[in-house]
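For the record, the sequence lines run as chains A and B. The first sequence: position 249 = 249 (my numbering), numbered continuously. Throughout, my numbering is defined as the position within the second sequence, counted from one, plus 267.
If you are wondering where the hints come from, they were derived from the structure by calculation, not from laboratory data. We put the CB at the ideal spot given by N, CA and C, even for glycine. Mixed in with the good hints there might be a few duds.
[What the hints assert, rightly or not] Ranges between beta-carbon positions, derived for each pair:
id, chain 1, residue 1, chain 2, residue 2, range
1, B, 650, A, 177, 49 to 59 angstroms
2, B, 530, A, 83, 52 to 62 angstroms
3, B, 600, A, 152, 39 to 49 angstroms
4, A, 18, B, 447, 54 to 64 angstroms
5, B, 555, A, 3, 32 to 42 angstroms
6, A, 145, B, 669, 42 to 52 angstroms
7, A, 36, B, 606, 44 to 54 angstroms
8, A, 146, B, 303, 31 to 41 angstroms
9, A, 40, B, 650, 39 to 49 angstroms
10, B, 538, A, 254, 47 to 57 angstroms
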Amino acid sequence: MSHATLEPFIRQRLAQRTAGGQLPILLMSHLVLGYPSLDENRRVIDAMAAAGVELMELQIPFSEPIADGPVIAHANQAALDRGFQVAEGLAFAAECVRRHPEVAFLIMTYGNILMAYGVERFIHRAAELGARGLIIPDWPPQEAAEPMAWCRLESLDWIQLFTPTSTDERLHQIGQWAGGLCYCVARKGVTGTRTDFDSALNHFLGRCRAVTAVPLAVGFGVRTPEDVRCLTGQAEIAVVGTAALEIHLRDGAEAVGDFFKGLRPQS
Amino acid sequence: MKTGYFGDFGGAFIPEILHETFQRLTTAYEAARADPEFWNAYVRLMENYSGRPTPLTFAENLSQRYGRRVYIKREDLNQTGAHKANNVMGQGLLMKRMGKRRVIAETGAGQHGMATATMAARMGFDCVIYMGAEDVERQRSNVFWMERLGARVVPVTSGSQTLKDAVNEALRDWVGSMDDTHYLLGTACGAHPFPAMVSWFQSIIGREARSQILAAEGRLPTHVYACVGGGSNAMGIFQGFLDHPEVTLVGVEAGGQGLDTGRHAARLASGAGTIGMAQGYKTFFLQNADGQMRDTHSVAAGLDYVGVSPILAHLHTTGRVRFEAATDTEVVAALQTLMRAEGLIPALESSHAVAQALKELPTLPDEAVVIINLSGRGDKDIFTIADALDDPGWRRFIRHKAASYSTIEE
Numbered sequence: 001m002s003h004a005t006l007e008p009f010i011r012q013r014l015a016q017r018t019a020g021g022q023l024p025i026l027l028m029s030h031l032v033l034g035y036p037s038l039d040e041n042r043r044v045i046d047a048m049a050a051a052g053v054e055l056m057e058l059q060i061p062f063s064e065p066i067a068d069g070p071v072i073a074h075a076n077q078a079a080l081d082r083g084f085q086v087a088e089g090l091a092f093a094a095e096c097v098r099r100h101p102e103v104a105f106l107i108m109t110y111g112n113i114l115m116a117y118g119v120e121r122f123i124h125r126a127a128e129l130g131a132r133g134l135i136i137p138d139w140p141p142q143e144a145a146e147p148m149a150w151c152r153l154e155s156l157d158w159i160q161l162f163t164p165t166s167t168d169e170r171l172h173q174i175g176q177w178a179g180g181l182c183y184c185v186a187r188k189g190v191t192g193t194r195t196d197f198d199s200a201l202n203h204f205l206g207r208c209r210a211v212t213a214v215p216l217a218v219g220f221g222v223r224t225p226e227d228v229r230c231l232t233g234q235a236e237i238a239v240v241g242t243a244a245l246e247i248h249l250r251d252g253a254e255a256v257g258d259f260f261k262g263l264r265p266q267s
Numbered sequence: 268m269k270t271g272y273f274g275d276f277g278g279a280f281i282p283e284i285l286h287e288t289f290q291r292l293t294t295a296y297e298a299a300r301a302d303p304e305f306w307n308a309y310v311r312l313m314e315n316y317s318g319r320p321t322p323l324t325f326a327e328n329l330s331q332r333y334g335r336r337v338y339i340k341r342e343d344l345n346q347t348g349a350h351k352a353n354n355v356m357g358q359g360l361l362m363k364r365m366g367k368r369r370v371i372a373e374t375g376a377g378q379h380g381m382a383t384a385t386m387a388a389r390m391g392f393d394c395v396i397y398m399g400a401e402d403v404e405r406q407r408s409n410v411f412w413m414e415r416l417g418a419r420v421v422p423v424t425s426g427s428q429t430l431k432d433a434v435n436e437a438l439r440d441w442v443g444s445m446d447d448t449h450y451l452l453g454t455a456c457g458a459h460p461f462p463a464m465v466s467w468f469q470s471i472i473g474r475e476a477r478s479q480i481l482a483a484e485g486r487l488p489t490h491v492y493a494c495v496g497g498g499s500n501a502m503g504i505f506q507g508f509l510d511h512p513e514v515t516l517v518g519v520e521a522g523g524q525g526l527d528t529g530r531h532a533a534r535l536a537s538g539a540g541t542i543g544m545a546q547g548y549k550t551f552f553l554q555n556a557d558g559q560m561r562d563t564h565s566v567a568a569g570l571d572y573v574g575v576s577p578i579l580a581h582l583h584t585t586g587r588v589r590f591e592a593a594t595d596t597e598v599v600a601a602l603q604t605l606m607r608a609e610g611l612i613p614a615l616e617s618s619h620a621v622a623q624a625l626k627e628l629p630t631l632p633d634e635a636v637v638i639i640n641l642s643g644r645g646d647k648d649i650f651t652i653a654d655a656l657d658d659p660g661w662r663r664f665i666r667h668k669a670a671s672y673s674t675i676e677e
C-alpha cells in the first residue's frame with residue numbers, strides 16, 4: 001500500500017517557505033465547480049496558482065449544501081441550474097491536477113454525491129485523478145467507517161473537522177481518525193462571515209493541537225493579511241473561501257490572484 | 268444496530284459543528300422519554316390546550332354508501348387545525364426542560380410555522396420561521412398569522428425557495444445559535460433524534476385511535492389510511508397498530524399530476540425514489556443520477572417534499588406499510604366527497620388519505636373497519652382549496668378585494 005501524500009506535501013512546502021525567509025503558513029483556497037462556469041474556474045485557478053496558493057478545495061455542487069453559507073449555497077444552486085454534472089466536475093479536477101502539479105487539490109462535496117456515484121467508485125476515481133483528500137462536511141466520522149476504509153486503501157486522506165463546540169473528548173476521538181490535515185472551523189456558524197482572531201481562537205487551536213500531530217487548516221472567515229499573520233505559528237494553513245469568491249465575482253479572476261498575493265506580503 | 272437507524276435508514280449526517288447540539292438534544296429526549304411524568308404532563312397540556320383526545324368520528328354516510336364501517340380520526344380539531352400541534356407542544360415542553368428560549372422552524376405552506384408560532388407565544392419563546400420566498404408569496408394568510416403571533420418570518424431565497432431550502436436555512440441558523448436556540452423540525456425526518464422524537468409525540472394519535480376503535484367496535488380496524496409527506500401524521504396513527512400485522516397500514520403519497528408525468532412527490536409508491544442521504548438522514552429521495560434532489564409537485568404543499576421519514580422507508584422495505592399515491596385530481600374529488608357526505612372539510616394533504624380509502628373501499632371485505640387519519644382541516648387553506656376547485660365566486664371576490672386595496676394604496 002502506498003502512503004497518503006498530503007501531509008508530506010504540506011511539511012515540505014512549509015519548510016521551503018521557512019528556508020526562504022517567508023511567512024511560514026500555507027494558503028488553501030476554495031471554489032465551487034461550474035460557478036460561474038468551468039472556464040472561469042480555470043482562469044481563477046491559474047491566477048491562484050501563479051499567486052503561490054499551495055492547496056485548493058474544489059467543491060462539487062450539491063442541491064442541499066447544509067454546511068455552506070448563503071454565498072456558497074447560491075453558487076451551488078447556480079452551477080446546477082446551468083447544468084453542472086458530477087462527471088464533468090471530476091474530469092475538470094483531473095485536468096487541474098495535470099495543469100498544476102505544484103498545487104495539492106482536495107475535493108469537497110456532500111455525502112450524497114458519493115453515494116449516487118458509488119462510494120467506492122468515487123473514492124477510487126478521486127485517488128486516480130490525483131486528488132489528495134476529501135472534505136465531506138455532512139458525513140461525520142462515526143457514520144463514515146466505510147468511506148474512511150476505502151480512502152485508506154486508496155491512500156487518500158479523509159479530512160476531519162474540528163469545531164469550537166466540540167468537547168475535548170470529541171476532539172480527541174476525531175484526532176484518532178485524522179490524516180493529511182485537520183480542518184478547524186474557527187467559529188460557530190456557516191461559511192462566509194467575519195471571525196475575530198482572538199484569544200478564543202488561540203485557545204481552540206491549542207485544544208486541536210493537543211489531540212493531533214497533523215497540520216491544522218483554519219477556515220471560515222479568513223479575509224485579510226492580518227488574519228493570515230495572526231494564524232501564522234498557530235496553524236499550518238489558512239483557508240480562504242467566501243472572500244475570494246466575492247472578489248472573483250466583483251473584480252474578476254486576475255483580482256483573485258492579486259488578493260492571494262496580498263495575503264502574504266513579502267517581508 | 269447503530270443508534271438512530273431503522274434498518275438501513277436514518278442516522279445523523281450533520282456538520283461536525285452540530286455534533287454536541289444533537290448529543291445534548293438526544294440526551295434530553297431520552298431522559299424525557301424515560302420519565303413517565305413528562306408524557307403525563309404532555310397529555311394534560313394537549314387535553315387542556317388542544318382539545319385532546321380528538322374524536323374518532325363514525326362516518327355514517329360514507330359507511331352506508333360503501334357498506335363498510337368507516338371512522339375518521341379528527342386531528343383537524345387540534346389547535347391550529349392539524350396534528351402539527353402535537354409535535355410543537357411536545358418539543359416546546361422539551362425546550363423548557365433544556366432551558367432554551369429561542370425557537371426556529373422551517374415551514375412549507377405555513378402550517379408547521381403557524382403551530383410553532385402559537386407554541387412560542389404560549390410558552391414565551393422568541394420565534395423565527397424560515398419559509399421559502401415563493402411560499403411566503405403563495406401563503407400570505409399564514410405569514411399574516413405567524414407575524415401577528417409574534418414570530419419573525421424570514422423568506423429564504425436560496426435554492427428553489429421552497430420547503431427543503433427552508434430546512435437548510437434553519438440548519439444554518441442553528442449552526443450559529445445552538446446555545447440558546449432549539450430547531451423545531453416539523454416532521455419525522457432529519458437527523459437522529461428527530462424522526463424518533465417527532466414520531467413519539469405523534470404517537471398520541473395512534474394510542475387514542477386504538478382505544479377508541481376498541482371501544483366503538485370491540486376490535487382493531489382492518490385498514491388504516493394516512494397521507495405521507497415527511498410522514499409524521501402517518502407515523503402517529505400507525506404506531507397504534509404496528510404490532511398487529513392483521514391491520515393493513517396504507518401510506519398515501521402525493522401523486523401530483525400522475526406518476527408517469529414525473530411531476531409528483533411519491534418517493535416510495537412511484538418506485539422512482541432511490542436511497543440517498545441529505546438534510547441529515549438517509550432515506551428514499553427523489554433525485555437524479557448525480558444525487559441532486561429533484562423538484563417535486565403536489566397540490567398539497569405539505570406533501571411536496573423530496574424525502575420521507577426513515578422509519579417509513581424501513582416499514583416500506585419490510586412491507587409492513589403499503590404505499591400508494593393519489594393524484595391531484597383524485598384528491599380534489601375526494602375532498603368534495605367528504606365535505607358533501609360528512610360535512611367535514613379536510614386539508615388537501617389529508618384528502619390524499621381520503622382519496623385512497625375511497626378508491627379501495629368497494630374492494631374491501633364487507634366486514635372491513637377502516638380508519639382514515641384526517642390530519643388537518645381545510646378551511647384554513649381556503650385560498651389554496653378555492654384555487655384547486657377553480658371556484659368562480661372566489662375569483663370574483665379576490666378581484667374585488669384587490670381593486671379595493673389598490674384604490675386605497677395607490
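Point to revise | Contradicted hints - numbers only | key: 2, 3, 4 and 6
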